[in-house]
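Protein chains in written order, with our numbering: chain A, 2 to 433; chain B, 15 to 475.
Think of the hints as simulated: they come from the structure by calculation, not from any bench. All figures in this text were calculated on a predicted structure; none of them were measured in a lab. Beta carbons are placed, not taken as given, at the ideal position from N, Cα and C, and that holds for glycine. Fair warning: there could be bad hints in the mix.
[Unchecked claim] With a straight-line Cα cutoff of 27 Å, these simulated DSSO-like cross-link-like pairs (lysine-lysine) come out:
| hint | chain 1 | residue 1 | chain 2 | residue 2 |
| --- | --- | --- | --- | --- |
| 1 | A | K311 | B | K181 |
| 2 | A | K97 | A | K35 |
| 3 | B | K285 | A | K35 |
[Unchecked claim] Computed Cβ-Cβ distance ranges for the label pairs, DEER-style:
| hint | chain 1 | residue 1 | chain 2 | residue 2 | range |
| --- | --- | --- | --- | --- | --- |
| 4 | A | S199 | B | A156 | 15 to 23 Å |
| 5 | A | D251 | B | L130 | 44 to 52 Å |
| 6 | B | L130 | A | S144 | 27 to 35 Å |
| 7 | A | A178 | B | P309 | 58 to 66 Å |
| 8 | B | I22 | A | S199 | 30 to 38 Å |
| 9 | B | R137 | A | V81 | 55 to 63 Å |
| 10 | B | A292 | A | D251 | 24 to 32 Å |
| 11 | B | S324 | A | P166 | 40 to 48 Å |
| 12 | A | T281 | B | P168 | 30 to 38 Å |
| 13 | B | V196 | A | F33 | 41 to 49 Å |
| 14 | B | N114 | A | S79 | 30 to 38 Å |
| 15 | A | P166 | B | A101 | 53 to 61 Å |
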Amino acid sequence: MSEPSQPVRDSFARVEAGMKRRRAAERRFRFFGKCAVGLGLGFLVILFVSIVGNGYSAFWQTRITLEVTIDEASIDPSGVRDPAVLQAADYGALIKQSMRELFPDVSGRRNRIALYGLVSNGASFDLRDRILADPSLIGTTISLSVAADDDVDMLMKGHIDRGAPEADRRIKDNQLAWIEKLEADDRIGSAFNLDFFSNGDSREPELAGIRGALMGSIYTLFVTLGLSFPLAVAAAVYLEEFAPKNRWTDLIEVNINNLAAVPSIVFGLLGLAVFINFFTLPRSAPIVGGLVLTLMTLPTIIIASRAALKSVPPSIREGALGVGASPMQAVMYHVLPLALPGMLTGTIIGMAQALGETAPLLMIGMVAFIADVPAGVFDPATALPVQIYLWADSPERAYVEKTSAAIIVLLLFLAAMNALAVLLRRRFERRW
Amino acid sequence: MTQTPLLIVLLLTLSSLAYHFGRKRAFAVSGGRIRTLHSLPAYYGLYAALWAVIPALLVLALWLAFEDSVITRLVIASLPPETATLAPSRLNLVLNDIRNLVVGNIVSSEPDAAILAAADRYRDLRGISTTALFAVTLGLAAIGGWFAYGRIRPEYRSRNAVERILKGILITCSTVAILTTVGIVLSVLFESVRFFQAVPITDFLFGLDWSPQIAIRADQAGSSGAFGAVPLFAGTMLITLIAMSVAVPIGLMSAIYLAEYASPRVRAIAKPLLEVLAGIPTVVYGFFAALTVAPFIRESGGLFGLDIASESALAAGLVMGVMIIPFVSSLSDDVINAVPQSLRDGAYGMGATQSETIRRVIFPAALPGIVGAVLLAVSRAIGETMIVVMAAGLAAKLTANPFEAVTTVTVQIVTLLVGDQEFDSPKTLAAFALGLVLFFVTLALNVLALYIVRKYREQYE
């Protein structure tokens, strides 16, 4: 073999000279790609760490143990134990009395109010419920664990700096001294925050819970599921199996695809104008929320259901038709059952989307402050994401951890729903 | 209204009775020889059941939809003339009082005799309406069932009839999508037209001043509302621009990396994790933006001596960008995977490196799809609400400075419509005009995106 001729060797040298630069460009490009994926995942991690870091402490609550003497003369002077009297009695006075007994040397009106402020306003309701449940406690001294005020809670969780100058602290020096005494007596401690799951919303952070919002969300989703699943399945079956190819069905198809991309807030405007102003359905009610979310999730579910129907091979239909089934029978008895798992998966994903949706619910008034837990789809209610929005707007420091905790609960629900969808897909996925 | 579930249960019971008797009658008319029947016996039952329940349910739906407005109108007609001719907003207050009286709530003022009488009338009318509703729907169900029952004969083609009805139901369901679009367009358009009667459309679209406060009294300060929406459009565009400058590079590069470089294992883990970002509710992003990102940006700006607003466009835009990353990346990923392998092999065969292949061959081939994906992402960013409501400002400022607080179309819709409102003031109607703009802009972007994808998609097969 002869040596390569001069021009060929030249071009080799030229390519060789460029290779270094080209390999560097290759490495750079690959590095940018890695950076992009890393950044995306990094954001995810930061988001979760920030939410969990802020929120996990809300699942514990600072509680103060008091010795409460239930004085018959002050709550039931007649001694008949009439529930109406017991209901209306002044339990706050008993709590205050027991606080005074703990700190007998506190004098002066201003100091006493500061002292009473250490425990939550809800303490008297706890006491009332306890006594209503068991009137025989009257006349005895019971040990009662009550929720501490949110500022005390924040102090105990380290969100208020004990070393800061008094003027910058929500807990004043004298209160700090009392809390330190309570700590020394082992009367202040932390317990699992059951109130968070059993209470409705409240203006007092230590009493505020997500039960009302959660029930509101459940009712709303219930309405959404009940309406959107049958509607979407029926629409998908028609469009995929029966619809002739004409202008009208083309229009429906384009419409569905466009609706899937309409901003959610526009659906809120629709709900406000049509359901509330035109049909005069009640404001703030889960029924309206459910209707709006139905319209919003319908395109998602229809698109998923059509995909599920498409994946059923034509041989199934042909087989059914071949043995004499009518087209409707072929679809109802053979195609639909095979497509159902895929449709359910799409529905669950649509429901997860509806559960996290906030903006349209703001439009239809599910944003009011509602302390009661709703009992039906016509009761005023709020929803979990709206509750998060409301708490995020509240100025008290304690609501930051409440908001984060509510977000954790919401994300857990979403994760569970998506896991269910994945599970369904794995379990029933069929390769034809 | 509260009796509705009971009524529905009754109707369903009637309908299942109709099924039972219809089926039995089919057996009876066949004289024991089922082969003589045209359809399976169950279809005769179904035929009767559908006839029993569908007309009744239709009437029920219509009744419930219009019951309240009819009753309200009748009550207004019965009010003394001086009350009935009040301005609509005052009249609404009176009506609210009446409704509250009916359900036993506390009313705003001491009710006078006329109001009490009206409340009684309202209660009576509601009672009559409920009774009539029960009578009409149950009667209709019975008649429908009876009619179908009477038609059952061996040669009657009940399967075909049932299938026709079912098909009708399917068609009706598929038109809900159309109805929704029509509903959106009509409701938004209708209120917007009322708004444009009060505020000229040119002032709205080209005005530079947005301060939607309408005075309650004439002598109040700042009583002249200004509805120039340009600052809102500018704010929306600024935040969208920031979001896209985060989402497009990161989303596109990660799609390229995952599609072309990553091993199947990395791809199987990283892709779903990235898509988790899309599944997180926007209210969570809003909270994250307001609580973590905005203070962080503010403080790091302070280190460089920059004065950054705590509700800066930058914070909202950045977080929105993060939200949109998976949107861009998964759409681009699909497009990149659709580019045929032969193009890659051809480029490698010519001696191109992998990155050169991507930049010179795959990217141009996938470009229309990527442009479509970006346009869809822009439309998503424009319509996004919660992040900007929680992290962007309220003051309408015409600025291109990302460190200042700006407001967006969606923020204004929410602030105008949340809380106590008078429904016919220009202030609330303005929200619908903004909604109209939002709807058409996002619609146009979607249509454009689909058009580009369709028109410029290379056909490889």
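Taking the hints in turn, this is what the structure says about them:
{"no.": "1", "hint": "A:K311 with B:K181", "in the structure": "19 Å, holds"}
{"no.": "2", "hint": "A:K97 with A:K35", "in the structure": "62 Å, violated"}
{"no.": "3", "hint": "B:K285 with A:K35", "in the structure": "13 Å, holds"}
{"no.": "4", "hint": "A:S199 with B:A156: 15 to 23 Å", "in the structure": "47 Å, violated"}
{"no.": "5", "hint": "A:D251 with B:L130: 44 to 52 Å", "in the structure": "58 Å, violated"}
{"no.": "6", "hint": "B:L130 with A:S144: 27 to 35 Å", "in the structure": "53 Å, violated"}
{"no.": "7", "hint": "A:A178 with B:P309: 58 to 66 Å", "in the structure": "32 Å, violated"}
{"no.": "8", "hint": "B:I22 with A:S199: 30 to 38 Å", "in the structure": "32 Å, holds"}
{"no.": "9", "hint": "B:R137 with A:V81: 55 to 63 Å", "in the structure": "38 Å, violated"}
{"no.": "10", "hint": "B:A292 with A:D251: 24 to 32 Å", "in the structure": "29 Å, holds"}
{"no.": "11", "hint": "B:S324 with A:P166: 40 to 48 Å", "in the structure": "24 Å, violated"}
{"no.": "12", "hint": "A:T281 with B:P168: 30 to 38 Å", "in the structure": "50 Å, violated"}
{"no.": "13", "hint": "B:V196 with A:F33: 41 to 49 Å", "in the structure": "47 Å, holds"}
{"no.": "14", "hint": "B:N114 with A:S79: 30 to 38 Å", "in the structure": "36 Å, holds"}
{"no.": "15", "hint": "A:P166 with B:A101: 53 to 61 Å", "in the structure": "56 Å, holds"}
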